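*Asks:* Chain order of the listed sequences is R and A.
Here this note's numbering runs 865 ahead of the position in the first sequence, where the first position is 1.
Here this note's numbering runs 1 ahead of the position in the second sequence, where the first position is 1.
By construction, these hints were calculated from the structure, which means they are not laboratory data.
Predicted model only: the values in this text are computed from it and were never measured.
The beta carbon of each residue, even a glycine, is placed where N, CA and C say it ideally should be.
Treat the hints with care, since some could be wrong.
Claimed, not checked - Within a straight-line C-alpha distance of at most 25 Å, the following computed SDA-like cross-link-like pairs (lysine to any residue) qualify:
| no. | chain 1 | residue 1 | chain 2 | residue 2 |
| --- | --- | --- | --- | --- |
| 1 | R | K887 | A | N220 |
| 2 | R | K875 | A | I237 |
| 3 | A | K196 | R | K887 |
| 4 | R | K873 | A | S70 |
| 5 | R | K873 | A | D294 |
| 6 | R | K873 | A | C238 |
| 7 | R | K875 | A | V110 |
| 8 | R | K939 | R | G923 |
| 9 | A | K196 | R | D963 |
| 10 | R | K875 | A | Q205 |
| 11 | A | K379 | A | K251 |
| 12 | R | K873 | A | N220 |
| 13 | R | K875 | A | D294 |
| 14 | R | K873 | A | K251 |
| 15 | R | K873 | A | E271 |
| 16 | R | K887 | A | V208 |
| 17 | R | K894 | R | D963 |
| 18 | R | K875 | A | D128 |
| 19 | R | K939 | A | D241 |
| 20 | R | K910 | A | E200 |
| 21 | R | K887 | A | P202 |
| 22 | R | K873 | A | L236 |
| 23 | A | K196 | R | K964 |
| 24 | R | K875 | A | K379 |
| 25 | R | K873 | A | D216 |
| 26 | R | K875 | A | Q233 |
| 27 | R | K875 | A | N206 |
| 28 | A | K251 | R | D869 |
| 29 | R | K887 | A | H201 |
| 30 | R | K873 | A | K379 |
What the hints assert, rightly or not - Here are a few chain A residues that sit away from chain R, every Cβ distance over 10 Å (derived from the structure):
| no. | residue |
| --- | --- |
| 31 | E6 |
| 32 | S157 |
| 33 | M174 |
| 34 | D194 |
| 35 | I217 |
| 36 | S222 |
| 37 | D235 |
Said to hold, decoys possible - Residues on chain A that point at chain R, a partial pick, calculated with CB under 8 Å:
| no. | residue |
| --- | --- |
| 38 | K45 |
| 39 | Q47 |
| 40 | Q51 |
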Amino acid sequence: MGQDNFGKMKSHSEPGPGDGGKTGSWRVKRPIIDLTVCIPAKSGKVACFACWMYCPDGVITRTIPPVIDYEYCKGCEICAEECPVNAIEMVEETQFADKEG
Amino acid sequence: MHVIESGNVAAATGVKLARTQVIAAYPITPQTPLTEKLSEFVSKGQMTAQYIPVESEHSALSVCIAASSTGSRTFTATSANGLLYMSEQVHWASGARLPIVMCVVNRGVGAPWTVWNDHQDSISQRDTGWIQMHACDHQQILDTVLKAFMVAEKVSIPVMVCYDGYLLSHSYMPFEIPKQEDVDRFLPSFSSDCKLDPEHPLNQNTVTLPDVRPDIHGNMSPGYMEIRHNLQQDLICSLDVVKEVEDRFKGIFNRGGSPFIESYLCEDAEYVAVCMGSLSYQLRDVVDQLRNDGQKVGVAGVRLYRPFPNQAVIDAFSGKKGLVIFEKGISYGNQGPLFTDITSALYQVEERPFAHNYILGIGGREIKTQDLLDTFRKSIQSGRKNEIKTEWIGLKL
Numbered sequence: 866m867g868q869d870n871f872g873k874m875k876s877h878s879e880p881g882p883g884d885g886g887k888t889g890s891w892r893v894k895r896p897i898i899d900l901t902v903c904i905p906a907k908s909g910k911v912a913c914f915a916c917w918m919y920c921p922d923g924v925i926t927r928t929i930p931p932v933i934d935y936e937y938c939k940g941c942e943i944c945a946e947e948c949p950v951n952a953i954e955m956v957e958e959t960q961f962a963d964k965e966g
Numbered sequence: 002m003h004v005i006e007s008g009n010v011a012a013a014t015g016v017k018l019a020r021t022q023v024i025a026a027y028p029i030t031p032q033t034p035l036t037e038k039l040s041e042f043v044s045k046g047q048m049t050a051q052y053i054p055v056e057s058e059h060s061a062l063s064v065c066i067a068a069s070s071t072g073s074r075t076f077t078a079t080s081a082n083g084l085l086y087m088s089e090q091v092h093w094a095s096g097a098r099l100p101i102v103m104c105v106v107n108r109g110v111g112a113p114w115t116v117w118n119d120h121q122d123s124i125s126q127r128d129t130g131w132i133q134m135h136a137c138d139h140q141q142i143l144d145t146v147l148k149a150f151m152v153a154e155k156v157s158i159p160v161m162v163c164y165d166g167y168l169l170s171h172s173y174m175p176f177e178i179p180k181q182e183d184v185d186r187f188l189p190s191f192s193s194d195c196k197l198d199p200e201h202p203l204n205q206n207t208v209t210l211p212d213v214r215p216d217i218h219g220n221m222s223p224g225y226m227e228i229r230h231n232l233q234q235d236l237i238c239s240l241d242v243v244k245e246v247e248d249r250f251k252g253i254f255n256r257g258g259s260p261f262i263e264s265y266l267c268e269d270a271e272y273v274a275v276c277m278g279s280l281s282y283q284l285r286d287v288v289d290q291l292r293n294d295g296q297k298v299g300v301a302g303v304r305l306y307r308p309f310p311n312q313a314v315i316d317a318f319s320g321k322k323g324l325v326i327f328e329k330g331i332s333y334g335n336q337g338p339l340f341t342d343i344t345s346a347l348y349q350v351e352e353r354p355f356a357h358n359y360i361l362g363i364g365g366r367e368i369k370t371q372d373l374l375d376t377f378r379k380s381i382q383s384g385r386k387n388e389i390k391t392e393w394i395g396l397k398l
């Protein structure tokens, strides 16, 4: 008897899209990454990714450059707060409403 | 190597030998010298662990929960009101199935304020889903810490190692420090199959609905009730693991062998005293004296309180004429909790012994061997079959 037979029902789930619907509509401000400042985008190296690490909803990719999924991003601003080079600006959604309809 | 040291140092030495990776604890009497010793081990480089200072017991166990969730071997220790302050996280650790080991240096609970020994603190956390082991001397403290890590990691359930404040924590006794290579042979390094890892993101213990539901792959995930039922089933099954670990330990270190009930002169005994912790060794003197008077008596120390070893209790006590159960804790408004558990286990036995329950030593009230002797003798003389009663002894007003 050992570990294999025990703890078969630990509460866990993998992150997946859409449990709470398309939460991007909750957003008041939109995070925009300035790719001329963002460390991985600027250096072309696998580096930093603080935004990916801190995003509570897992909507930022660990890619060069990082990409934010606006369908689900709630605009919490944590990425902008944590970015060590201030590459992420929070822009009022109203500024996009006119252009995007 | 044999040393003469305190019970707290015995515990710290076990934690060091177990190659514990993360320690977070907040000092509280009578546990304080244990955490001081551990921080000393770490600061002197005698132990390669992360010692994380925290501002409270609630934070101490929270840190341990986070560390254990990443797959680290994790330890904390506390006493009395410190244990109660972390109580919310005590429930969390077992619900999350994290194999944390915690020493509870048993102390009475305020109010009124007390720093002396009884068992009310760990007893009050009885129903949290933790495994609770009681040590009776310094060697058992060290050995039980090592066994606790192995049991916890095999069954994914946290373990409390309980030992009496002051009586064991601050008294000095000889004990053997096992060789590191033997401990390494006994206790393999910890690996978890369900840990936090940035490469494989995972949510753990988020809001879990009353009913089952499909996960993102379409497989059915358990609801809260399935998860809690699984904890109960695994606790019951962990009785076998506790026994296996005890046997494995004995095979390597040639000590121990009684994981559930440690008996002294019980085989032919008609009357048996039952208790937990260091009191069971004090009662051996009482048994010796009564044996000199020609009484067939013995004493049984319950080593494992949760999961409760019902079958071991039935095997040990059915056929006896009487049980005298001494307890340093009480379920206020009812009776001693060990008494409740033992009489409940024996309900299904046809020839039940009488069972008398004595509450004593509350808040560190001195337990005199003469009082134990008088009480045991009185119980034997007055006991009747199927009789149950609870009394306090040592009261002065």
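*Asks:* Take the hints in turn and mark each one as holding or not.
*Replies:* Going down the list of hints, with the structure as the test:
no.	hint	in the structure
1	R/K887 <-> A/N220	holds, 23 Å
2	R/K875 <-> A/I237	holds, 17 Å
3	A/K196 <-> R/K887	violated, 29 Å
4	R/K873 <-> A/S70	holds, 16 Å
5	R/K873 <-> A/D294	violated, 54 Å
6	R/K873 <-> A/C238	holds, 13 Å
7	R/K875 <-> A/V110	violated, 33 Å
8	R/K939 <-> R/G923	holds, 11 Å
9	A/K196 <-> R/D963	violated, 46 Å
10	R/K875 <-> A/Q205	holds, 8 Å
11	A/K379 <-> A/K251	violated, 38 Å
12	R/K873 <-> A/N220	holds, 14 Å
13	R/K875 <-> A/D294	violated, 56 Å
14	R/K873 <-> A/K251	violated, 29 Å
15	R/K873 <-> A/E271	violated, 44 Å
16	R/K887 <-> A/V208	holds, 19 Å
17	R/K894 <-> R/D963	holds, 15 Å
18	R/K875 <-> A/D128	holds, 19 Å
19	R/K939 <-> A/D241	violated, 49 Å
20	R/K910 <-> A/E200	holds, 18 Å
21	R/K887 <-> A/P202	holds, 20 Å
22	R/K873 <-> A/L236	holds, 13 Å
23	A/K196 <-> R/K964	violated, 45 Å
24	R/K875 <-> A/K379	violated, 51 Å
25	R/K873 <-> A/D216	holds, 15 Å
26	R/K875 <-> A/Q233	holds, 13 Å
27	R/K875 <-> A/N206	holds, 8 Å
28	A/K251 <-> R/D869	holds, 24 Å
29	R/K887 <-> A/H201	holds, 23 Å
30	R/K873 <-> A/K379	violated, 50 Å
31	E6	holds, 33 Å
32	S157	violated, 3 Å
33	M174	holds, 34 Å
34	D194	violated, 7 Å
35	I217	violated, 3 Å
36	S222	violated, 7 Å
37	D235	violated, 5 Å
38	K45	violated, 33 Å
39	Q47	violated, 29 Å
40	Q51	violated, 20 Å
Checked against the numbered hints listed earlier, the structure breaks hints 3, 5, 7, 9, 11, 13, 14, 15, 19, 23, 24, 30, 32, 34, 35, 36, 37, 38, 39, 40; every other hint is satisfied.
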